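> Following the hints, position chain B against chain A.
Protein chains: 2
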Amino acid sequence: MLHPMGDSDLRVEAVLAAFDSTSFVTARQPALQLEMGGIPGDRHFGLTRVTGGRDRAQYPPGTTLRNDRQITIVSTRECEAIASALGVPEVLPEWLGANVQIDGAVGFTSLPPGSRLVFPSGAVLRVEGENEPCVKPGRVLSQANPGTDGLPAAFVIASKGRRGIIASVVRGGAINPGDSVRVAPSLQRAASELG
Amino acid sequence: MLHPMGDSDLRVEAVLAAFDSTSFVTARQPALQLEMGGIPGDRHFGLTRVTGGRDRAQYPPGTTLRNDRQITIVSTRECEAIASALGVPEVLPEWLGANVQIDGAVGFTSLPPGSRLVFPSGAVLRVEGENEPCVKPGRVLSQANPGTDGLPAAFVIASKGRRGIIASVVRGGAINPGDSVRVAPSLQRAASELG
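Protein chains in written order, with the working numbering: chain A, 1 to 195; chain B, 1 to 195.
To be clear, the hints were calculated from the coordinates, so they are not data collected in a lab.
Careful, some of the hints might be misleading.
Covered stretches of chain A (in silico footprint by chain B; criterion: 3 or more residues with CB under 8 Å from a CB of chain B, positions within the stretch not fixed) [as the list claims (entries may be wrong)]:
#1 36-50
#2 59-69
#3 107-115
#4 162-171
All values derive from a computational prediction rather than experimental measurement.
Glycine included, every Cβ here is placed at the ideal spot set by N, Cα and C.
Pulled out of the complex, with its shape left as it was, chain A reads as follows (with noise of 0.2 Å):
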């Protein structure tokens, strides 16, 4: 697991947003500038979200919270397991709703809620928690497998605890391919580590 207190050498791989309302598989992007709501233009952006069926069990549907479901991140490498347990030949950060990719991450989708990834542009993202795995980014997989069943239950499982995080701006700026990503820990424990 990764420890939050420590250097990092994560890596932005890959930026990506949905501009299409219709879909959640998002789409590469040269660079991300983050506003206090999220990426501006994106399906999930804005201050506050009204709940959905995904919250059905914690709120009334239509319920307004603060949008804690801002930017969804996931790791290469955690892709990469998805892949090799389904037996197929790759899963895309886009299949995944994806808006950041990082690179260099063993256990990324672990990483406490509350930390911080502090990002060179001065950009600060807070990990809500982990993303919790539903069947749609399955069922573009089997568009993208044909003649493979089971795909889209089979994520479900291949993909608990590898899916990657939900996350919240703390801190407006840009994120670029390339960038270096620092872990801190959650808010005040932070001060000594940020510097």
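For chain B alone, kept in the frame of chain A given last:
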């Protein structure tokens, strides 16, 4: 330490706010009505905040951040433990700038960042992390205990790990004295727990 998955017997003992902008000291209120920015009229209200001295190690002064210091919560038992360690009769939540005083919580300050506090009204707070002690409440303690030397510095040491937490609003609603409080784990992991 409190277990973030379990049923809890936490109870709201008192609610407080700082409507006088000249001091961080809070005053008891009949109830709080939380909005997405916190407590309207309170000195910490806002969706964003501008960094000050406490943030110097992390951010340049005047940086705009998402406001994760909206609500301060302390535990009755931890306040008693601080008073006992300092040899003073009492440490009031008011002097710590608390907005919510919780009864029945041993190890409250150690609640993991990202945990949710769920109130009967439907209001939900997110635990941001431990509120790191500074000398200001110790100065108020000195005024309440004339003739006692060194309380500001002693307070910082005695209240480490007991000074309560900072929280932010996930969902607005009322918080009333006597409310029971449910502790739920972070984000998606909460789905099966919150029912």
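> It remains to establish, for every hint, whether it holds in the given structure.
A quick look at each hint next to the structure:
1. Proximity of the stretch 36-50 of chain A to chain B, defined as three or more residues with a beta carbon under 8 Å from a beta carbon of that chain, is established by the 3 residues found.
2. Check result for the stretch 59-69 of chain A against chain B: holds, 6 residues qualifying (beta carbon to beta carbon below 8 Å, three or more required).
3. Residues of the stretch 107-115 of chain A lying with their CB closer than 8 Å to a CB of chain B number 3, which satisfies the three-residue condition for coverage.
4. Check result for the stretch 162-171 of chain A against chain B: holds, 5 residues qualifying (beta carbon to beta carbon below 8 Å, three or more required).
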